[in-house]
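Numbered by the working numbering, the letters in the sequence shown go through residues 319 to 579 in order.
Because the hints were derived from the structure by calculation, they are not lab data. The beta carbon of each residue, even a glycine, is placed where N, CA and C say it ideally should be. Do not rely on the hints blindly, as some may be mistaken.
[Stated by the list, open to error] Estimated spans, in silico, between C-beta atoms of each pair:
| no. | residue 1 | residue 2 | range |
| --- | --- | --- | --- |
| 1 | Lys-509 | Gln-354 | 44 to 50 Å |
| 2 | Leu-501 | Val-435 | 28 to 34 Å |
| 3 | Ser-493 | Ser-441 | 42 to 48 Å |
| 4 | Leu-515 | Gly-342 | 18 to 24 Å |
| 5 | Lys-494 | Gly-422 | 44 to 50 Å |
| 6 | Gly-342 | Pro-487 | 17 to 23 Å |
| 7 | Ser-332 | Trp-482 | 18 to 24 Å |
| 8 | His-377 | Pro-491 | 28 to 34 Å |
| 9 | Thr-568 | Pro-491 | 40 to 46 Å |
| 10 | Thr-395 | Gly-534 | 30 to 36 Å |
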Amino acid sequence: MADFPPDTILELPSHITATYLSEGAANVVYTINVPQQSSTDEHGDEQENGKTSTPNPWHGKLLRFRKDLPTTTPTLTAHLAFRTSIAPLFPSEDLIDIRLVSLGSSHLIRTLNAALVAAEKASSSSPRPKQRHGVYLADDPHALLITDMSPPTSATLIQFKPKWLAPSPSAPPGSKRCRTCALHARRAIKKPSFCPLDLISSHPPDVRRAAALLLGLPASAAESEIVTSENGNGNGTAKTATPKQLDTLTRLTHWALTSPL
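Could you put the whole structure together from the sequences, leaning on the hints where they help?
Next comes the structure, spelled out in structure tokens:
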């Protein structure tokens, strides 16, 4: 599964550039651009003298950079914590390949931050989400190289964070909710939410409701397969659930109920 020994720190080649892909509250993820002419450089993957050289470690990967926030941990520290405390809890086949990358004397952070600032302008062709404005990458000497799990165009990829079983360290004494459910309870004031453990519930309605919310559908979509439209045709609410969405909902629910999780 891994291209290199787990403790190997890769040096970021100077000819590699990065393109913004997405971001969350704590990190920004970038695709990696490897020039065609350098395909045999830095562990190239082309054949030489009839033999196949070491696979290029940058192909099929993404770069993740942490944001400059008081709540983010230096990348090296976070990576060591993952290696020593998290990874041993799971079979290797259940974990994506993660490598520590040294940025060296590269000015990549400065370049990427300038691009983030430019993306906040109204004239930007690739605007940055407004709720992310004003926060940029930390001046960290390391980044993480992670497996690119982007789906084919014909596939549907659903991502969600796993359940935190322990309460938040900042929670009041005696709190019973885990961090995930406490956060969801607060958000439920504005919109419906669910517990990730609902996906492994033996109660089909709970599974279907969680699946509907994962797909961005209203919770009511889990209660009926009636297709509604915003122009008033059909029965039900004004929220739309298309046949394709309902089919995906049914397949996701079936998978959750029958998978060996």
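Results of checking the hints against the structure:
A hinted range of 44 to 50 Å holds for the C-beta pair Lys-509 and Gln-354, which are about 46 Å apart. The hinted range of 28 to 34 Å is satisfied by Leu-501 and Val-435, whose Cβ atoms lie roughly 30 Å apart. Checked against the given bound of 42 to 48 Å, the beta carbons of Ser-493 and Ser-441, roughly 46 Å apart, stay inside it. Checked against the hint of 18 to 24 Å, the pair Leu-515 and Gly-342 passes, with Cβ atoms roughly 22 Å apart.
The beta-carbon spacing between Lys-494 and Gly-422, approximately 48 Å, falls within the hinted interval of 44 to 50 Å. As the Cβ distance of Gly-342 to Pro-487 is approximately 20 Å, the hint placing it in 17 to 23 Å holds. Taking the beta carbon of each, Ser-332 and Trp-482 are about 39 Å apart, not inside 18 to 24 Å as hinted. Between His-377 and Pro-491 the CB atoms are about 50 Å apart, so this pair departs from the stated range of 28 to 34 Å.
Between Thr-568 and Pro-491 the Cβ separation comes to about 44 Å, which falls inside the hinted range of 40 to 46 Å. With their beta carbons about 35 Å apart, Thr-395 and Gly-534 fall inside the hinted range of 30 to 36 Å.
Hints 7, 8, counting from the list given before, are not met by this structure.
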